[in-house]
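Chains as they are written, first to last, in our numbering: chain A, 35 to 342; chain B, 4 to 353; chain C, 3 to 673.
Note that these hints are calculated values from the structure, not bench results.
A quick note: this is a predicted structure, and the numbers were derived from the prediction, not measured.
Just so it is clear, CB atoms sit at the ideal spot from N, CA and C, and this is done for glycine as well.
For each label pair, taking beta carbons as the anchor points, the in silico distance ranges come out as:
1) C/G554 / A/G36: 54 to 64 Å
2) B/I89 / A/L102: 51 to 61 Å
3) B/E61 / C/T36: 25 to 35 Å
4) B/T316 / A/L40: 51 to 61 Å
5) A/R41 / C/S551: 49 to 59 Å
Partial list, derived from the structure: chain C residues whose beta carbon lies under 7 Å from chain B:
6) S51
7) H342
8) V352
9) S354
10) G355
11) Y368
12) L467
13) P501
14) L510
15) D511
16) P512
17) G554
18) Y556
19) V594
20) Q597
For the chain B half of the interface with chain C, some residues (derived, Cβ under 8 Å), not all of them:
21) P71
22) T72
23) E243
24) F244
25) S248
26) T249
27) P265
28) N266
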Amino acid sequence: MGKYLLRRILQMIPVVLGTTLLIYALVFALPGDPVAAMFGDKPVNQAVAAQIRSEYNLDKPFIVQYVLFLKNALTLNFGNTFAGQPVVSVIGRAFPVTVKLALMAFVFEGVFGVIFGIIGGLTKGKWSDNVILVLSLLLISVPTFVTGFILQYLFGVKWHVLPATAGANPGFMDLLMPAVVLGSVSMASIIRLTRTEITSNISEDYVRTARAKGMSNRQVILRHVLRNSLIPVVTYLGADIGGLMGGAMITERIFNIQGVGNTLFQAILRGEGTLVVSIVTILVMIFVICSLVVDMLYAVLDPRIRYA
Amino acid sequence: MRSSILVFGMREGADSMTDMTMNESNELNQSQAKVFFPDPLPGQERFVAPIEETPLREVDSVDEDVPPTSMWADAWMTLRHNPMFIISTILAILVILVALFPSLFARQDPSACTLANSLEPARSGHPFGFDLQGCDVYSRVIYGARTSVSIGIMTTILVTILGGVIGAVAGFFGGWIDALLSRVTDIFFAIPMLLGAIVLLQMFRTSTSLWKIIFTLTLFGWVNMARITRSAVMEAKNLEFNTASTALGSSPIRNLFRHIIPNSLAPVIVMATTSMGTYIVSEATLSFLGVGLPPTVVSWGGDISTAQNLLTTNPSVLFYPSAALAITVLAFIMMGDAVKDALDPKSRTA
Amino acid sequence: MSQEENMAVKADQQADVASSGPLLEVKDLKVDFTSDGRDVHAVRDASFSVYPGQWVAIVGESGSGKSTCAMSVLGLLPGTGRVVDGSIRLQGRELVGLGRKEYEDLRGSHMGLVPQDPMSNLNPVWRIGSQVKEALVANKMDVSREKRSRLAQELASSEDIKLRSSDDELFISSADLPGLLKAARQVLDEAGVPNPDKVMETFKGEWDVGSETRWGVARSLIRAGVGEDRAWGIAKAHVTGSDMNDRIAGLLSEAGLPDAATRARQYPHEFSGGMRQRALIAIGLASRPDLLIADEPTSALDVTVQKKILDHLKGLTDSLGTAVLFITHDLGLAAERAQHIVVMYKGQVVESGPSLEVLQHPQHPYTKRLVQAAPSLASQRIISAKQRGQDAERLMEHHVKGESTLERSEHVITVEHLTKEFKLPRKRELFKAVDDVSFSVKRGTTLAIVGESGSGKSTVANMVLHLLTPTSGTVTYENQDISGFKGHELMEFRRHVQPVFQNPYGSLDPMYSIYRSIEEPLRIHRIGDRKSREQRVRELLDMVEMPESVMGRYPNELSGGQRQRIAIARAMALNPDVIICDEAVSALDVLVQDQVLRLLNDLQAERGLSYLFITHDLAVVRQIADEVVVMQQGRLVEHATTDEVFDHPQRQYTRDLLDAIPGGKLRLGLD
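With these hints in hand, go ahead and build the complete structure from the sequences.
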């Protein structure tokens with residue numbers, strides 16, 4: 035187990051380096067002058083521009099820029115935004131909101147996805163299964179932003195059950211609808227995954243052996259069908275945390291939530307490279323750490339992995 | 004006859020001793036052996052079925068009544084009887100027809116807008132009404148299909164080629180090539196498709212070319228295809244018929260093209276069909292976010308984006324392009340599901 | 003348990019059964035499956051009975067409905083299967099139409115299952131111990147004491163040492179054991195028992211925690227010479243009943259797993275196939291069912307392991323008084339283990355009766371075919387014919403060439419000091435799969451390599467086929483070292499040395515039609531044009547007795563035996579000199595196996611082919627080989643002519659293999 039963990043951590047390093055380099059290259063090495071973007075259409079004073087270039091290391095070769103960025107990133111020193119605020123404090127304000135949103139979405143998709151998936155899998159071919167299957171297909175087919183608008187219109191505008199947009203400091207109720215929207219597509223995938231796993235596991239030989247032992251149907255389903263079916267579901271859920279943080283961009287825009295997604299989107303539109311790279315780096319780190327945790331979890335849940 | 008049964012009885016008694024003998028004596032008492040099996044027990048008498056009732060067939064003869072079927076023919080048979088496949092295929096064909104020949108379905112030019120018509124309700128010749136700019140919603144929905152479908156199909160083709168080649172090379176050669184390609188795959192896997200696409204696309208915000216979307220989606224979308232192809236190729240590579248062909252004199256490269264690739268196509272096809280819908284959604288999402296196609300290009304995503312402010316007043320303007328988008332995506336995802344069921348190795352005997 | 007006890011039980015049983023009737027009575031059972039909207043009759047009008055404590059075997063080929071019969075008794079028919087007619091009575095109680103709950107109450111405690119495939123029948127995510135525990139918990143078993151069937155109780159009472167109260171059935175616990183051993187040693191010394199160390203060793207072997215009872219301890223002490231009161235005193239003081247973990251360990255060690263307490267904490271993937279099967283036996287017997295259904299319990303295992311496990315199961319069920327419904331495809335195995343045999347064919351019972359009677363005087367043509375074809379029986383017939391000094395020659399399909407003929411013939415393939423080492427993951431030292439093996443295949447003869455899984459026999463085959471490079475040693479074909487073959491030479495070699503592989507489901511590409519499969523070697527070697535190739539494919543199909551109509555078919559439409567015949571046709575396409583058969587008939591039903599072996603023998607007789615025949619089954623060897631090489635753990639342990647190996651095996655390992663051929667203890671008639 036220890037060796038496995040170590041190997042996975044070592045494999046993580048090139049992934050983190052490669053991913054940040056890729057993002058850094060996309061933002062900084064492509065045509066376009068970030069300094070010009072900073073001043074918008076106003077004429078730029080050459081001396082000021084040069085000063086800014088040296089402050090952001092823009093005057094150095096690309097690869098040097100990247101290494102300096104990495105060095106600073108290790109100490110969480112991401113520099114300042116164009117508006118002069120430290121990047122760290124901007125991120126510090128936005129992250130808690132998005133983390134809250136993502137966690138709520140995570141709980142929503144996990145709980146409902148698994149429950150509906152189990153119902154579908156255990157009643158395969160019956161009406162309940164068909165209804166669940168059609169609903170999950172619909173959720174996957176309708177883009178998040180459309181689902182978002184519909185819910186916003188129905189619950190927020192028409193019926194006034196939930197706030198249509200979230201304010202600066204959103205609470206649980208403010209984030210409820212956005213979380214449902216954010217988690218809906220993943221929930222549909224989890225329903226489908228759980229359902230497939232259950233229908234395939236229920237015909238496994240060891241399930242028959244368990245029945246032959248005289249175990250009750252409930253026990254057989256719990257200990258043999260569900261236990262085994264949930265392994266890939268847990269894996270999917272873990273890998274999805276990163277996806278939720280990224281997907282928050284759309285939800286946050288629809289519901290006007292001041293989270294990471296919105297901040298990142300604004301930064302992209304303004305061409306504020308430093309902020310973009312910083313946020314994306316953090317998101318990638320979260321994703322990579324999540325997949326590491328998932329791998330560990332996988333090893334705990336499935337004893338065969340531990341020795342592989 | 005009788006004696007043979009007696010012998011059997013004795014042997015039987017002796018057999019069960021082998022494990023647990025403490026003081027074995029082979030001197031079996033004849034009377035004891037006799038009680039062992041005096042006669043067959045009731046219900047265990049000798050029985051021979053009349054041969055007329057249990058006709059004997061030739062050993063292992065081929066049933067020539069059943070028509071021969073290949074794997075593909077078999078899958079096709081399954082698909083033809085699957086209502087989900089029939090519905091989704093009809094929908095998909097319809098959508099593709101609309102995309103190819105929009106002028107057959109809508110007479111109105113989607114960009115011919117008059118502000119006087121702004122938000123006018125439906126009327127004859129304009130079944131879906133007008134949007135804020137006074138454009139005919141129906142013809143915009145019809146013409147929007149072309150954007151979505153061509154991006155979906157082109158991206159799927161490119162992703163299948165790029166991901167397929169990378170996955171096949173990694174799976175077939177293994178070793179350091181696989182290790183290297185797997186790390187590259189991991190790197191791209193760590194960047195969510197939407198995130199990467201937004202970062203890249205904002206550089207080309209003004210371009211009206213569909214290709215910028217296609218290339219971007221391909222760049223961040225090939226990873227899953229590569230992973231699937233890699234595992235399919237690795238699985239097919241280890242099947243015994245490859246060894247058999249090698250022993251017949253076939254070279255590894257010949258095996259790759261003649262045996263391994265044909266045998267790993269099924270999961271690739273399933274993946275391609277299902278992911279087509281995902282790319283269409285992604286394009287719409289990017290246009291919605293304003294980094295996709297500019298408003299001058301007719302697209303569902305763009306129309307939904309411009310209509311979002313009308314949600315409270317004129318929801319129908321938002322509804323039609325959304326419904327068109329959802330139906331198209333649903334068709335491709337359902338088709339993927341049906342194909343998966345038909346090609347699922349578990350449901351096949353071989 | 004002594005022999006007298008056993009006989010006494012049998013006698014009691016015999017006296018008893020007539021009055022109490024059968025334990026299991028299946029009458030006119032009909033089972034249907036639904037496929038594509040049509041009903042398929044899997045079992046038609048099957049009837050058979052099992053009496054308490056008896057072994058009854060159902061014999062048949064795959065698809066004969068034997069497993070379906072067994073599963074309908076357990077109420078565990080897969081998929082669309084259902085009992086449409088007939089009755090299944092267990093202890094007089096009708097099972098057909100029982101509800102789920104009622105079935106759950108019966109399973110485990112009244113009927114247990116030992117399933118077929120040990121690899122897929124244990125849940126990979128639970129420890130072995132907890133999977134045993136589930137069986138105990140589900141049936142609310144008292145883990146502190148033995149549950150004995152009425153039959154087994156009679157066994158106990160019939161003896162000099164009486165079972166008096168239920169407390170006499172308490173198991174030794176792990177906490178008890180040290181004190182018990184100490185007290186036993188003390189009392190042995192007091193009683194002046196000679197050679198106490200040796201007696202103590204026996205005790206240690208017998209007194210398994212969670213398995214041996216107070217009564218058993220007292221009995222051992224009394225038999226060792228300790229006074230009755232003293233023995234019972236020690237047993238009472240030191241055998242106080244086991245807890246759950248002790249009982250799990252006890253069950254596993256009963257099933258023959260050494261070091262059971264540690265093993266119980268391991269996961270299935272840490273177990274070998276044989277060990278898993280033992281764990282499954284422990285599970286099947288955990289709740290002391292009256293009937294155990296053993297569905298081909300050893301088919302997936304090596305022959306020697308198979309014999310050990312069946313011997314063990316036999317002993318265990320005899321001591322517990324458990325009846326066994328034994329499902330097998332091997333008539334020899336069935337006759338050897340069961341008192342009563344039921345032969346099934348295409349869903350119907352074609353013949354049933356006392357084992358030996360059925361075997362010696364088969365009446366139904368299908369049974370006759372089976373008796374004729376079963377390699378184990380065929381080889382036993384040859385042995386007994388020889389013992390009686392009769393001419394065994396006429397019994398053999400393959401006429402073994404005499405030593406003198408072998409001496410004279412030239413060597414086609416010679417293997418010298420062949421060694422192959424593999425690097426194992428995460429291990430520094432190399433693993434020697436093949437260790438210094440030398441032999442040669444003589445022209446027009448068959449050399450068989452026999453060994454169990456892991457013996458390195460397939461590795462040898464792959465090196466001879468130039469599919470693996472040896473670490474050291476040489477393979478020569480027609481006096482040329484094949485390691486140097488490249489390009490044209492290699493193609494020439496491939497043309498003359500052809501393989502037939504084990505897995506008939508894997509060695510044909512499922513995407514290729516039969517025509518394309520057989521044509522492939524001709525294409526690779528660019529032989530003939532389209533027309534002449536088609537002509538050749540027709541000839542080849544005719545040679546393997548397959549109709550020409552299969553050309554357009556695909557492998558998934560053919561049976562295992564048919565595919566193997568196609569594989570032989572493909573191998574014959576280039577008119578080779580040598581065919582390497584790697585377990586080519588192992589996966590086939592006996593009749594089909596017999597058919598394929600016959601085909602191979604005919605081809606050899608007609609075309610003077612040489613075979614290198616790799617197998618784990620010594621019984622098959624008799625039907626095909628002239629010479630035998632026995633391999634064990636990568637080494638060649640014996641090399642002689644087939645007769646020599648069968649008549650005068652030199653090594654213990656070879657004797658074990660011979661001994662493991664089912665039916666060895668049967669007296670077979672030669673009619």
